[in-house]
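Colleague: This is what each chain is made of:
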Amino acid sequence: MKKLIILAFLLFAAPLYGEELTGREILDRIDKNYEAKSRVSTATMMIKGRRGTRTITSKSWAEGYEKTFTNYLSPPREKDTKMLKLGDELWIWSPSADRIIKIAGHMLRQSMMGSDVSYEDFMEDPHLGDLYDVILSGQEPVEDRDCYVLELTAKQGKKVAYHSRKIWVDKERYLALREELFAKSGKLLKRLNIHEVFKKEERWYPKKFTFKDVLKKGDGTQIIIDSIEFNVDIPKHVFSKASLRK
Amino acid sequence: MIRFLLKGLLRDRSRSLFPVLMVSAGVFLCVFLYSYLNGAIGDMVDASARFDTGHVKVITRAYNELASQMPNDLALAGAANELEKLRTGHPRMIWAERIRFGGLLDIPDEMGETRAQGPFFGMAIDLVNNNSPDLALLGVAKAIVRGRMPAMSHEILISHAFAEKLGVVPGDKATLLSSTMNGAMAMHNFTIAGTVRGTVRFGMVMIDKSTIIADINDIRTALDMADFVGEILGFTEDTLYDDDRMIALAEAYNTAHSREEDEFSPLMTTLGEGGVMGDILRLSTFAVTIVVGIFVFAMSIVLWNAGLMNGIRRYGEIGVRLAMGESKGAIYRAMIMESICIGLAGSIIGTIAGLAASYYLQIVGFDISDMLQKSSIMISSVIRAKVSITSYYIGFFPGVFASVLGTVFAGIGIYRRQTSQLFKELEV
Chain A
417 MKKLIILAFL LFAAPLYGEE LTGREILDRI DKNYEAKSRV STATMMIKGR RGTRTITSKS
477 WAEGYEKTFT NYLSPPREKD TKMLKLGDEL WIWSPSADRI IKIAGHMLRQ SMMGSDVSYE
537 DFMEDPHLGD LYDVILSGQE PVEDRDCYVL ELTAKQGKKV AYHSRKIWVD KERYLALREE
597 LFAKSGKLLK RLNIHEVFKK EERWYPKKFT FKDVLKKGDG TQIIIDSIEF NVDIPKHVFS
657 KASLRK
Chain B
85 MIRFLLKGLL RDRSRSLFPV LMVSAGVFLC VFLYSYLNGA IGDMVDASAR FDTGHVKVIT
145 RAYNELASQM PNDLALAGAA NELEKLRTGH PRMIWAERIR FGGLLDIPDE MGETRAQGPF
205 FGMAIDLVNN NSPDLALLGV AKAIVRGRMP AMSHEILISH AFAEKLGVVP GDKATLLSST
265 MNGAMAMHNF TIAGTVRGTV RFGMVMIDKS TIIADINDIR TALDMADFVG EILGFTEDTL
325 YDDDRMIALA EAYNTAHSRE EDEFSPLMTT LGEGGVMGDI LRLSTFAVTI VVGIFVFAMS
385 IVLWNAGLMN GIRRYGEIGV RLAMGESKGA IYRAMIMESI CIGLAGSIIG TIAGLAASYY
445 LQIVGFDISD MLQKSSIMIS SVIRAKVSIT SYYIGFFPGV FASVLGTVFA GIGIYRRQTS
505 QLFKELEV
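Read top to bottom, the protein sequences are chains A and B. The opening position of the first sequence corresponds to residue 417 in this note's numbering, with each subsequent residue numbered one higher. The opening position of the second sequence corresponds to residue 85 in this note's numbering, with each subsequent residue numbered one higher.
Pulled out of the complex, with its shape left as it was, chain A reads as follows (with noise of 0.2 Å):
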């Protein structure tokens, strides 16, 4: 009878074991939800200051993580502005000027367009795995969905934006539902919070989200992404300098 109650606990408890996944194991699945060979996407972005709301619409073309070209469409002074990503390098032009300019060293702090984004917010390396070092630290859930908080700390050597962050991962999505980014002096410095996702080809994607530089007044960042397409082939000239001008 003892034996029997061993086997029948081996039985029932070896799957629960199965599902219980590291932090690593975790950072991993977000990693791979996101990861396309392509991505061309139109997006809403809403800017909430102190003197009223600015909308800016852009479309990107994006090419693993490494290549992004992003074309502003509105509003009228915005439009036309191109920026170009290379790896670490990042290139913007604009129509009024007529000029490829290199953004670089504490430029890339600014927030973009004047949202609560920064030029180094938009630069990072998504693959969290390869910068931070992780610790699952619990379960909560965030609008009534059940997450895994992740508590991130940059490795040794790695060059980051922030230094730790805390994220929440929808446990049956993986994605992150919520994210604090946080100062080597341990002060929040942003936060982002996805409102709305959206299911396509097999993966989870965020519809709509907020993102809040809380050092800064106004009501934060709102990005919705209006459409988007996976592995799509996109021309090789669209990730040149030359293509900023055209």
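There could be a bad hint or two in this list.
Stated by the list, open to error - Derived pair list, reagent style DSS-like, types lysine-lysine, alpha-carbon separation capped at 25 Å:
| hint | chain 1 | residue 1 | chain 2 | residue 2 |
| --- | --- | --- | --- | --- |
| 1 | A | Lys-448 | A | Lys-616 |
| 2 | B | Lys-293 | A | Lys-498 |
| 3 | A | Lys-518 | B | Lys-293 |
| 4 | A | Lys-495 | A | Lys-623 |
| 5 | B | Lys-249 | A | Lys-518 |
| 6 | A | Lys-582 | A | Lys-498 |
| 7 | A | Lys-582 | A | Lys-623 |
| 8 | A | Lys-483 | A | Lys-498 |
| 9 | A | Lys-632 | A | Lys-603 |
| 10 | A | Lys-657 | A | Lys-498 |
| 11 | A | Lys-603 | A | Lys-571 |
| 12 | A | Lys-518 | A | Lys-623 |
| 13 | A | Lys-464 | A | Lys-495 |
| 14 | B | Lys-257 | A | Lys-662 |
| 15 | A | Lys-464 | A | Lys-623 |
| 16 | A | Lys-582 | A | Lys-571 |
| 17 | B | Lys-257 | A | Lys-518 |
| 18 | B | Lys-257 | A | Lys-657 |
These aren't lab readings, by the way, just hints derived from the structure by calculation.
Once you've looked at the hints, dock chain B against the given chain A.
Modeller: Same frame as chain A, but now just chain B:
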């Protein structure tokens, strides 16, 4: 009587030379220190007023909260109307519009790609208008070392150090990269004014490091600030700061125009109001009081001591004068008269020497730029003394007063001498 006393003083050098030297040295220090502090602190206040605070400044309430961050998104709307109102309402004041901004100056190569770039502090003023009050207030034309004044729009001046860092010469193109008042990216092309080296040197390390000066209308276009202004600065007609007058002006303006519930309503602040400048102004008054106070106190003690020593040395002379029937009061008054003569002589010599040294420092100055390489405050890199009307009398009266005070204390001993004991004492 005075002639008689003067003869005595001149013939007996020990009664005149040392006290006169003492008073001269004290008065010299007083005049020189006052003029030096006046120059150093005055320079700082004046520089801050001209470049930053004005004597009064009109900004929005929201801008005032974050002024150090140059928050152009909180700029004052209806700039032209506001400026006109101020000029009409206060015609004796000088009013100047400014926009302060920051960003990156990018220098293109022959292919139009980035050759060099660096962060800058920018100041937009009425630059291409010959009647602009800012040209005189900031001394822009005098500050140009090489190159020329911008003569048309889209021309800028950049600081000497910055030009060298970026490797640019007058005539080179530069692209300003900044944020519009709505937070969007601003990219605008300019030409660096000048034919040799478009450089500006204001003699202030913070500004000299990496500054660009542009025309306010160009910056309005670049930063999408049509009819907006960051700050309107007001100065008295003689550009001398008058705290009471400016406080009264600001109170009247704020009562009439500023509404607490509207964060974008205009607010007038004064140079002395709070902040570092207010502290510096209070410190400057306090420092002058301390310098003069210490001088009078220390000199009185030294001259009192000198009087006592003199009294001991002249013990016999005073005894003989008393024995001959001169009253104690007459001797005391004669000694005080002597001290007035010494005080006057010492004060005149000390004031002349102090003024001469101060004038020298006013013209030559101390170059402290090496000490200010990492300076973040607006301070002149050459400290100069400043001789004002006060410099002429600040040491004079304390010099005479300290000399008399020392004698008044030291001479009290005369009244303690007993006539009956005089011959006994003189025998000794």
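Colleague: Would you mind marking each hint as holding or not holding in the structure?
Modeller: Structure-based check of all given hints:
Distance hint between Lys-448 (chain A) and Lys-616 (chain A) is fulfilled; the C-alpha atoms sit about 14 Å from each other, no more than 25 Å. The straight-line distance between the Cα atoms of Lys-293 (chain B) and Lys-498 (chain A) is roughly 32 Å, outside the 25 Å bound, and the hint therefore fails. Under the criterion of a C-alpha separation no larger than 25 Å, the hint pairing Lys-518 (chain A) with Lys-293 (chain B) is consistent with the structure, at around 22 Å. In summary, the hint linking Lys-495 (chain A) to Lys-623 (chain A) is supported, as the alpha carbons are separated by about 23 Å, within the 25 Å threshold.
Our distance criterion of 25 Å between C-alpha atoms is met by Lys-249 (chain B) and Lys-518 (chain A), whose separation comes to about 18 Å. Of the pairs offered as hints, the one joining Lys-582 (chain A) and Lys-498 (chain A) is violated, with about 32 Å between alpha carbons and a cut-off of 25 Å exceeded. Distance restraint check for Lys-582 (chain A) and Lys-623 (chain A): the Cα-Cα separation of roughly 21 Å lies within the 25 Å cut-off, and the hinted pair is therefore satisfied. With a C-alpha separation of about 14 Å, the suggested pairing of Lys-483 (chain A) with Lys-498 (chain A) holds against the 25 Å cut-off.
Between Lys-632 (chain A) and Lys-603 (chain A) the alpha-carbon distance is near 14 Å, which keeps this suggested pair within the 25 Å criterion. At roughly 10 Å between alpha-carbon atoms, Lys-657 (chain A) and Lys-498 (chain A) fall within 25 Å of each other, so this suggested pair holds. Between Lys-603 (chain A) and Lys-571 (chain A) the CA atoms are separated by roughly 18 Å; this keeps the pair inside 25 Å, and the hint holds. In summary, the hint linking Lys-518 (chain A) to Lys-623 (chain A) is not supported, as the alpha carbons are separated by about 30 Å, beyond the 25 Å threshold.
Between Lys-464 (chain A) and Lys-495 (chain A), the direct Cα distance comes to roughly 19 Å. Compliance with the 25 Å bound is thereby established for this hinted pair. At most 25 Å may separate the alpha-carbon atoms for a hinted pair to count; Lys-257 (chain B) and Lys-662 (chain A) meet this at roughly 23 Å. Under the criterion of a C-alpha separation no larger than 25 Å, the hint pairing Lys-464 (chain A) with Lys-623 (chain A) is consistent with the structure, at around 18 Å. Among the hinted pairs, Lys-582 (chain A) with Lys-571 (chain A) is consistent with the structure: their alpha-carbon atoms are about 15 Å apart, no more than 25 Å.
Annotation: proposed proximity of Lys-257 (chain B) to Lys-518 (chain A) holds, straight-line Cα distance about 16 Å (limit 25 Å). With a CA separation close to 21 Å, the supplied pair Lys-257 (chain B) and Lys-657 (chain A) stays within the 25 Å bound.
The structure is inconsistent with the numbered hints 2, 6, 12, although it conforms to all the rest.
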